[in-house]
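J.: As you go down the protein sequences, you meet chains D and R in turn. With this note's numbering applied, the first sequence closes on residue 241, and no number is skipped along the way. With this note's numbering applied, the second sequence closes on residue 241, and no number is skipped along the way.
The hints are simulated quantities; they were obtained by calculation from the structure and are not laboratory data. If you're wondering where the values come from, they're calculated on a predicted model, not measured in any experiment. We put the CB at the ideal spot given by N, CA and C, even for glycine. Among the hints, erroneous ones may be present.
Some chain R residues close to chain D (C-beta under 7 Å, calculated; not the full set) [to be verified]:
{"#": "1", "residue": "L12"}
{"#": "2", "residue": "M149"}
{"#": "3", "residue": "G175"}
{"#": "4", "residue": "A197"}
Lysine to aspartate or glutamate pairs mimicking DMTMM-like chemistry, simulated, CA-CA at most 20 Å apart [what the hints assert, rightly or not]:
{"#": "5", "chain 1": "R", "residue 1": "K147", "chain 2": "D", "residue 2": "E11"}
{"#": "6", "chain 1": "D", "residue 1": "K191", "chain 2": "R", "residue 2": "D172"}
{"#": "7", "chain 1": "R", "residue 1": "K191", "chain 2": "D", "residue 2": "D130"}
{"#": "8", "chain 1": "R", "residue 1": "K147", "chain 2": "D", "residue 2": "E168"}
{"#": "9", "chain 1": "D", "residue 1": "K201", "chain 2": "R", "residue 2": "D172"}
Number of protein chains: 2
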Amino acid sequence: MPKIEVCLSPELVHLHDLKNKIVVVVDIFRATSTMITGLANKVSSITPVAGLEACRNMKSKGYIIAGERNGQTAEGFELGNSPLSYLNNAYAGKKIAVTTTNGTLTIEKSKKDAAEVLIGAFLNLQATADYLIQQGKDVVIHCAGWKGMFNLEDSLYAGALVSVLANEFDFDCDGAIGMKALFEQNQGDLKSFLSQASHAKRLQNHNIDADIDFCLTLDKYNFVGKLEGEELVKVSLNKVV
Amino acid sequence: MPKIEVCLSPELVHLHDLKNKIVVVVDIFRATSTMITGLANKVSSITPVAGLEACRNMKSKGYIIAGERNGQTAEGFELGNSPLSYLNNAYAGKKIAVTTTNGTLTIEKSKKDAAEVLIGAFLNLQATADYLIQQGKDVVIHCAGWKGMFNLEDSLYAGALVSVLANEFDFDCDGAIGMKALFEQNQGDLKSFLSQASHAKRLQNHNIDADIDFCLTLDKYNFVGKLEGEELVKVSLNKVV
Chain D
1 MPKIEVCLSP ELVHLHDLKN KIVVVVDIFR ATSTMITGLA NKVSSITPVA GLEACRNMKS
61 KGYIIAGERN GQTAEGFELG NSPLSYLNNA YAGKKIAVTT TNGTLTIEKS KKDAAEVLIG
121 AFLNLQATAD YLIQQGKDVV IHCAGWKGMF NLEDSLYAGA LVSVLANEFD FDCDGAIGMK
181 ALFEQNQGDL KSFLSQASHA KRLQNHNIDA DIDFCLTLDK YNFVGKLEGE ELVKVSLNKV
241 V
Chain R
1 MPKIEVCLSP ELVHLHDLKN KIVVVVDIFR ATSTMITGLA NKVSSITPVA GLEACRNMKS
61 KGYIIAGERN GQTAEGFELG NSPLSYLNNA YAGKKIAVTT TNGTLTIEKS KKDAAEVLIG
121 AFLNLQATAD YLIQQGKDVV IHCAGWKGMF NLEDSLYAGA LVSVLANEFD FDCDGAIGMK
181 ALFEQNQGDL KSFLSQASHA KRLQNHNIDA DIDFCLTLDK YNFVGKLEGE ELVKVSLNKV
241 V
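Work the whole structure out from these sequences, hints included.
T.: Below, the structure written as structure tokens:
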């Protein structure tokens, strides 16, 4: 049986061996939720870029640039980090380059060694789980956290994914056991549980409560977000019975 | 109101500012539980030492040396890391030098900047909480984890301490919020919940199930374990009404 591990912060990823494994990067509020929403709304591609300057330079290459630092749109960027911006195919056919406080760094730290990098969100939880079952490889769920620290929303997503995969994967990892229990014990009222969280409070202060609701929507989309080279692409999957 | 934070691994401690704060180091299985038990059983002092060699060298200075690596007594050491060894005042009046896989390193990483370093265990949870309320300083609970990774038992202790202190301290820290919920939702059957944990399994493999039961005993002792210089000492406290 393949194994599943949870890495609670990019500052701990050196403790995990990513070789031959599928890494699922998650930054629920909001990078990976936004990327999945962009892909669902027919952007042509999304290129995650770790640094602000490098991302800004993509503009001259024909990209729409999206940049967020500390929860707000970074100076000189066309788009911030709200999934709602991409709804109604608003950027259909466009190439997007994106940099965020935590999410893009976590992708960067995952891609060197992993066999595959996926991006995870509640928006496509079941599709990601189905894909992982189909592939049958070992999995590391890599939480972006907040500036290196544990955060609640990414850890709860990790717990949710472990919970869905529990019959098909082994998990001898305390992060997986702990977060699975935390998710299962709070899934009935995830939003109210998360409203205590520091990052949710931060977002509320920015008047983007609607983003929180959207990012916590379960299984709105039925595809997987996968890194191919430098670009995230949409992978549809055959229905798993 | 003073603040409480949880640091889930010594690999994340650089993200926390320890200055002017009381750091509570916890390594439930078994370093800090064993230290509290030693102090309760009248050892003259306990000196935590991060390195195996440095600890071994303490023998010639009149110390009883206790050494554990990967859950087992290290070669050439008189004592391992079982709290039961110290019961019935077995080492009363002796000076102990101790090194363990995770706990002593975590103490080492805490003591440079912190105002005070305490060692935490379920065995004296309420006494530690009472002391922290008396002092009124900001607190960081520093989990030893397992070789840098998150572990369940130390994180649950952190959650337990946050839970006891919740009315007297602010906590705007996802680690504190998450672990408090995890503890409160599983406190009715902590042992069975922890039996899934990787470290508990490891201990069971070593036939030291009795150690687990002992380390999960709540409030057996009514004093605080505190680092004074290089030594851990027992601090009794005035009863808090």
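J.: Would you mind marking each hint as holding or not holding in the structure?
T.: Verification of the hints:
no., hint, verdict
1, L12, "holds (6 Å)"
2, M149, "holds (6 Å)"
3, G175, "holds (5 Å)"
4, A197, "holds (5 Å)"
5, R/K147 with D/E11, "holds (14 Å)"
6, D/K191 with R/D172, "holds (17 Å)"
7, R/K191 with D/D130, "violated (33 Å)"
8, R/K147 with D/E168, "violated (27 Å)"
9, D/K201 with R/D172, "holds (9 Å)"
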